[in-house]
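Trainee: Now for the letters of each chain:
Protein chains: 2
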Amino acid sequence: MEDSLKPMDAEQLREYGHKMVDFIADYYKSIENFPVLSQVKPGYLRELLPDSAPNQPETLQDVFEDIHRKIIPGVTHWQSPNYFAYYPSNSSTAGFLGEMLSAGFNIIGFSWITSPAATELEMIVLDWLAKMLKLPSEFLSSGQGGGVIQGTASEAILVVLLAARDKTLRKLGKKSLEKLVVYASDQTHSALQKACQIAGIFPENFRVVKADFNSNYAVTPEVVSEAISHDLSAGLIPFFLCATVGTTSSAAVDPLLELGKISKVYDMWFHVDAAYAGSACICPEYRHYLDGVEEADSFDMNAHKWFLTNFDCSVLWVKDRNALIQSLSTNPEFLKNKASQENTIVDFKDWQIPLGRRFRSLKLWMVLRLYGLENLQNYIRKHIRLADQFEHLITSDPRFEIMAPKTFSLVCFRLIPPADDLDNGYKLNYNLMDAVNTTGKIFISHTVLSGKFVLRFAVGAPMTEEKHIEEAWKVLQEQATYLLRRNQDMSQSSCLS
Amino acid sequence: MEDSLKPMDAEQLREYGHKMVDFIADYYKSIENFPVLSQVKPGYLRELLPDSAPNQPETLQDVFEDIHRKIIPGVTHWQSPNYFAYYPSNSSTAGFLGEMLSAGFNIIGFSWITSPAATELEMIVLDWLAKMLKLPSEFLSSGQGGGVIQGTASEAILVVLLAARDKTLRKLGKKSLEKLVVYASDQTHSALQKACQIAGIFPENFRVVKADFNSNYAVTPEVVSEAISHDLSAGLIPFFLCATVGTTSSAAVDPLLELGKISKVYDMWFHVDAAYAGSACICPEYRHYLDGVEEADSFDMNAHKWFLTNFDCSVLWVKDRNALIQSLSTNPEFLKNKASQENTIVDFKDWQIPLGRRFRSLKLWMVLRLYGLENLQNYIRKHIRLADQFEHLITSDPRFEIMAPKTFSLVCFRLIPPADDLDNGYKLNYNLMDAVNTTGKIFISHTVLSGKFVLRFAVGAPMTEEKHIEEAWKVLQEQATYLLRRNQDMSQSSCLS
Chain A
1 MEDSLKPMDA
11 EQLREYGHKM
21 VDFIADYYKS
31 IENFPVLSQV
41 KPGYLRELLP
51 DSAPNQPETL
61 QDVFEDIHRK
71 IIPGVTHWQS
81 PNYFAYYPSN
91 SSTAGFLGEM
101 LSAGFNIIGF
111 SWITSPAATE
121 LEMIVLDWLA
131 KMLKLPSEFL
141 SSGQGGGVIQ
151 GTASEAILVV
161 LLAARDKTLR
171 KLGKKSLEKL
181 VVYASDQTHS
191 ALQKACQIAG
201 IFPENFRVVK
211 ADFNSNYAVT
221 PEVVSEAISH
231 DLSAGLIPFF
241 LCATVGTTSS
251 AAVDPLLELG
261 KISKVYDMWF
271 HVDAAYAGSA
281 CICPEYRHYL
291 DGVEEADSFD
301 MNAHKWFLTN
311 FDCSVLWVKD
321 RNALIQSLST
331 NPEFLKNKAS
341 QENTIVDFKD
351 WQIPLGRRFR
361 SLKLWMVLRL
371 YGLENLQNYI
381 RKHIRLADQF
391 EHLITSDPRF
401 EIMAPKTFSL
411 VCFRLIPPAD
421 DLDNGYKLNY
431 NLMDAVNTTG
441 KIFISHTVLS
451 GKFVLRFAVG
461 APMTEEKHIE
471 EAWKVLQEQA
481 TYLLRRNQDM
491 SQSSCLS
Chain B
1 MEDSLKPMDA
11 EQLREYGHKM
21 VDFIADYYKS
31 IENFPVLSQV
41 KPGYLRELLP
51 DSAPNQPETL
61 QDVFEDIHRK
71 IIPGVTHWQS
81 PNYFAYYPSN
91 SSTAGFLGEM
101 LSAGFNIIGF
111 SWITSPAATE
121 LEMIVLDWLA
131 KMLKLPSEFL
141 SSGQGGGVIQ
151 GTASEAILVV
161 LLAARDKTLR
171 KLGKKSLEKL
181 VVYASDQTHS
191 ALQKACQIAG
201 IFPENFRVVK
211 ADFNSNYAVT
221 PEVVSEAISH
231 DLSAGLIPFF
241 LCATVGTTSS
251 AAVDPLLELG
261 KISKVYDMWF
271 HVDAAYAGSA
281 CICPEYRHYL
291 DGVEEADSFD
301 MNAHKWFLTN
311 FDCSVLWVKD
321 RNALIQSLST
331 NPEFLKNKAS
341 QENTIVDFKD
351 WQIPLGRRFR
361 SLKLWMVLRL
371 YGLENLQNYI
381 RKHIRLADQF
391 EHLITSDPRF
401 EIMAPKTFSL
411 VCFRLIPPAD
421 DLDNGYKLNY
431 NLMDAVNTTG
441 KIFISHTVLS
451 GKFVLRFAVG
461 APMTEEKHIE
471 EAWKVLQEQA
481 TYLLRRNQDM
491 SQSSCLS
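Protein sequence lines, in the order shown, are assigned to chains A and B.
Mind the numbering: the first sequence is residues 1 to 497 in this note's numbering, read in order.
Mind the numbering: the second sequence is residues 1 to 497 in this note's numbering, read in order.
Check each hint, because a few of them may be wrong.
If chains are identical, the list can't say which one is meant, so a pair holds when it fits in one copy or spans any two.
[Said to hold, decoys possible] Listed below are the simulated DSS-like cross-link pairs for lysine-lysine, each with C-alpha atoms no more than 25 Å apart in a straight line:
id	residue 1	residue 2
1	Lys338	Lys131
2	Lys261	Lys171
3	Lys261	Lys41
4	Lys167	Lys261
5	Lys19	Lys29
6	Lys427	Lys338
7	Lys452	Lys474
8	Lys19	Lys6
9	Lys167	Lys179
10	Lys382	Lys167
11	Lys131	Lys6
12	Lys6	Lys29
13	Lys264	Lys134
14	Lys406	Lys134
15	Lys336	Lys41
16	Lys179	Lys41
17	Lys70	Lys41
Since the hints were derived computationally from the structure, they do not count as laboratory data.
Put together the whole structure using the sequences plus the hints.
Mentor: Right, dumping it as structure tokens:
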């Protein structure tokens with residue numbers, strides 16, 4: 001190995017690193033040439049790669065060629081300006097630099113001592129972001145609470161659910177587990193259901209409250225109150241209520257203030273999941289969607305969605321850090337150290353599921369510094385404007401309809417089915433989605449709202465501009481025209497036969 | 001933002017990326033100039049950084065200066081060749097390139113469709129690695145099992161514990177949770193205790209079996225059998241047994257074959273945690289430490305420890321993927337897609353705690369290809385040789401003693417206390433550790449074995465050479481000499497007084 005690539009050598013790292021930077025820059029330069037949604041078939045890669053690792057080293061050139069020929073065809077290009085599926089997953093120059101530096105240091109920041117800068121920068125930067133979002137001061141690290149970077153919103157919701165579970169069980173005894181009830185709307189992310197499965201909440205005690213069209217898919221506090229009263233009279237123990245700001249299906253916003261008050265009345269943990277829409281709330285004109293967050297015990301947003309911070313960076317704040325620590329701490333001898341024993345510092349290992357953790361605050365710090373608050377606000381506003389543009393195009397074509405209010409940068413719409421359509425446009429819209437995604441020109445996704453198949457067009461990729469919206473709309477119109485004509489042809493031919 | 005740094009722009013990414021590569025290469029070039037263990041005091045960074053994020057963007061030059069002046073003093077240099085604490089956390093040129101590319105694509109590979117290459121490369125590369133480790137064929141993806149990259153060994157042990165828990169509860173009913181018992185030795189990583197806390201295993205049912213000096217800190221099968229029999233007769237339900245190959249404290253190896261047989265007799269899930277020492281088992285001469293792994297239901301090793309793959313990359317194999325999926329899957333409408341519904345592919349979201357996942361297989365693939373099996377074997381052998389060298393130095397100095405057999409690259413030792421030492425060398429060795437770590441020249445850690453404070457010297461950083469071992473030994477000898485002399489002086493002066 002001494003003659004070829006060493007495990008680590010500064011000059012080799014420099015030489016190879018420069019090549020990789022150029023490779024990635026070239027990728028972004030040509031990103032619009034690839035189908036946004038990968039068009040490969042299941043199992044494609046196994047046919048292209050050998051059965052086992054090589055005995056002898058290969059060259060970086062070999063690897064680059066394979067990435068071009070074998071890997072990139074299997075990549076779905078989340079960074080493409082023509083990506084409108086799910087929710088965005090922002091890469092940015094600043095975020096990328098932060099990832100590089102984090103991989104360069106490659107420290108494992110489980111305890112303060114293992115790299116004090118990692119813990120302290122995270123606390124500082126999360127305070128910065130809390131102030132940008134005007135979160136209540138109890139979420140700042142100066143008090144009993146504080147912020148922590150989790151990998152994903154799923155992990156964030158799991159750790160607060162565990163904290164809430166154990167806080168309740170400490171009072172009532174651990175055999176009460178079977179009586180604990182969790183409340184959320186049917187629009188809540190599946191991460192909560194998964195967290196309940198993991199935490200051993202009985203499935204029949206995961207109370208899914210219906211949020212329908214009449215409330216724009218936000219939950220109504222009365223229905224939650226009713227469910228709680230009913231459970232209480234059945235001898236169950238309500239302990240956790242989750243609200244969402246910007247639901248996954250339609251970006252609906254639950255009424256935080258009312259729900260927060262309910263949670264207080266019944267002494268429940270109140271978690272606010274703003275994974276997607278939290279970012280928008282750095283703009284004064286959108287901040288009101290967070291009104292009521294002062295009632296929350298915990299609040300989470302994904303900086304890796306719509307905030308120019310490369311995945312993963314889910315930002316969680318809690319008011320009572322001890323609740324987390326009491327659930328998640330262990331203190332083995334081999335990790336003990338003076339700073340931890342003296343209790344003057346934070347050890348983030350006790351705020352999360354894993355032990356090891358990367359130096360993720362670097363990328364968020366670099367995003368905040370290299371763009372600055374005003375540019376970040378304008379970045380959000382631009383995407384919301386582009387979504388407005390798309391919504392306008394939809395409403396200008398009578399063949400389409402909007403399916404939910406457009407609150408942020410997500411447009412929910414569908415092709416209106418003929419009145420006699422057997423499945424109320426389900427297949428029609430499924431086929432439209434499949435058709436546009438198969439063109440490779442854009443990638444959109446779907447949901448089901450009130451039983452109807454709904455197309456989701458989420459603006460938020462870093463390089464998306466007006467022209468991409470226009471082109472996306474053209475693709476949609478073309479495929480819709482083609483589909484409707486084919487349907488008509490088929491129904492005519494079936495009439496004739 | 002248009003005039004300055006754009007959210008994403010290929011040429012800006014190129015320009016800034018090259019600067020960051022040089023910054024990181026320069027860091028590695030000068031890494032030995034920094035104290036290995038950061039010497040800052042708690043709260044140091046808050047005094048150096050502003051209270052809030054800037055409104056206007058700052059320059060990359062500003063950020064680089066702050067990293068030099070404010071961040072690096074707070075970094076503990078895990079990649080320093082003088083880092084011997086805990087276990088290694090390898091960065092490598094290949095692993096770094098993989099991290100860069102993964103951050104470049106920045107895809108979120110939760111389902112196959114979201115980037116088929118991410119899922120398929122992971123399956124292929126984990127098959128490669130399983131073959132290198134000569135794992136049983138049931139762990140290969142061609143059957144009912146397969147490999148999956150987890151973030152950490154903590155997450156790996158949690159997901160298999162959940163799979164085992166739910167498999168048992170499906171048979172016995174969910175109210176049996178309070179009777180479920182987990183078995184492991186007192187040398188098992190605290191990750192298992194944490195996983196039990198999360199999964200709701202009753203604390204009194206986490207059965208910690210003593211592994212002592214007589215068995216070189218490996219667990220003895222008889223003691224496990226006894227504990228199980230005892231619990232069975234008390235009406236409890238043994239369901240999970242964890243063995244370790246290379247414990248955290250002393251790199252002890254539990255007897256897999258015997259433990260595996262016990263797990264079969266009692267129909268328990270058998271997990272093997274080889275987080276650290278698994279890497280060594282790619283060498284034929286160390287593979288025998290895995291004998292018996294064919295009895296395991298799951299096996300985990302951390303490629304991010306001693307296998308040149310940047311953090312995070314914990315590699316987990318299971319024989320029954322459905323057990324994982326039944327515990328961890330959710331299937332919300334917004335994530336449904338043709339490939340998933342047709343069940344022809346793997347969606348790794350159902351094999352892990354989080355939903356989102358990075359394209360981590362790239363770095364492991366690049367490590368395997370750019371180094372090749374033979375170089376990786378030689379890399380391991382070199383560190384074991386360096387640990388032999390260190391052990392030899394320890395045994396050549398009668399003031400020191402070896403505290404556990406050196407099986408891989410970890411040396412457990414201590415300064416022999418005077419016969420009349422009040423705490424049997426606890427304080428003496430604590431002070432020695434503190435003294436050497438405060439020099440900044442090396443970083444070592446500790447554990448407690450049989451009540452004795454033990455120093456851990458773990459070789460495994462990518463740039464460590466013979467000269468670093470010699471220098472480390474010099475630092476240890478100097479500090480020991482100083483400490484012993486001071487102790488002598490103090491005891492003399494107390495005799496005189």
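Trainee: I want to check one pair: lysine 19 and lysine 29. Are their C-alpha atoms no more than 25 Å apart within a copy, between two copies, both, or neither?
Mentor: Both, since 15 Å and 19 Å are each at most 25 Å.
Trainee: Checking lysine 179 and lysine 41: alpha-carbon separation at most 25 Å within a copy, between copies, both or neither?
Mentor: So lysine 179 and lysine 41 fail the 25 Å test inside a copy (46 Å) and across (46 Å) alike.
Trainee: Could you place lysine 261 and lysine 41 in one of the four classes (within, between, both, neither) given a Cα distance threshold of 25 Å?
Mentor: neither (51 Å within a copy, 41 Å between copies)
Trainee: Classify it for me, lysine 19 with lysine 6: is the Cα-Cα distance of at most 25 Å met within a copy, between copies, both or neither?
Mentor: Classified as both; 17 Å inside a copy, 22 Å across copies.
Trainee: Indicate which option fits the pair lysine 336, lysine 41 if close means a Cα-Cα distance not exceeding 25 Å: within, between, both or neither.
Mentor: Classified as between: cross-chain Cα gap 17 Å, same-chain 50 Å, threshold 25 Å.
Trainee: Can you tell me if lysine 382 and lysine 167 fall within 25 Å by alpha carbon in one copy, between copies, both or neither?
Mentor: neither (43 Å within a copy, 49 Å between copies)
Trainee: How do lysine 131 and lysine 6 come out at 25 Å by Cα distance, when the copy is not named: within, between, both, or neither?
Mentor: Between. Shortest inter-copy distance 24 Å satisfies the 25 Å Cα cut-off; intra-copy 45 Å does not.
Trainee: Is it within a copy, between copies, both, or neither that the alpha carbon of lysine 406 lies no farther than 25 Å from that of lysine 134?
Mentor: within (24 Å within a copy, 55 Å between copies)
Trainee: Taking 25 Å as the upper bound on the Cα-Cα distance, should lysine 167 and lysine 261 be classified as within, between, both, or neither?
Mentor: within (19 Å within a copy, 39 Å between copies)
Trainee: 25 Å Cα cut-off: does lysine 261 pair with lysine 171 within a copy, between copies, both or neither?
Mentor: Close inside one copy (22 Å), not across copies (41 Å); limit 25 Å.
Trainee: Could you place lysine 452 and lysine 474 in one of the four classes (within, between, both, neither) given a Cα distance threshold of 25 Å?
Mentor: within (24 Å within a copy, 74 Å between copies)
Trainee: Regarding lysine 6 and lysine 29, is the shortest C-alpha distance of 25 Å or less found within a copy, between copies, in both, or in neither?
Mentor: The answer is between: 14 Å across copies meets 25 Å, while 31 Å in one copy does not.
Violated hints for the displayed structure, listed by number in ascending order: 1, 3, 10, 16.
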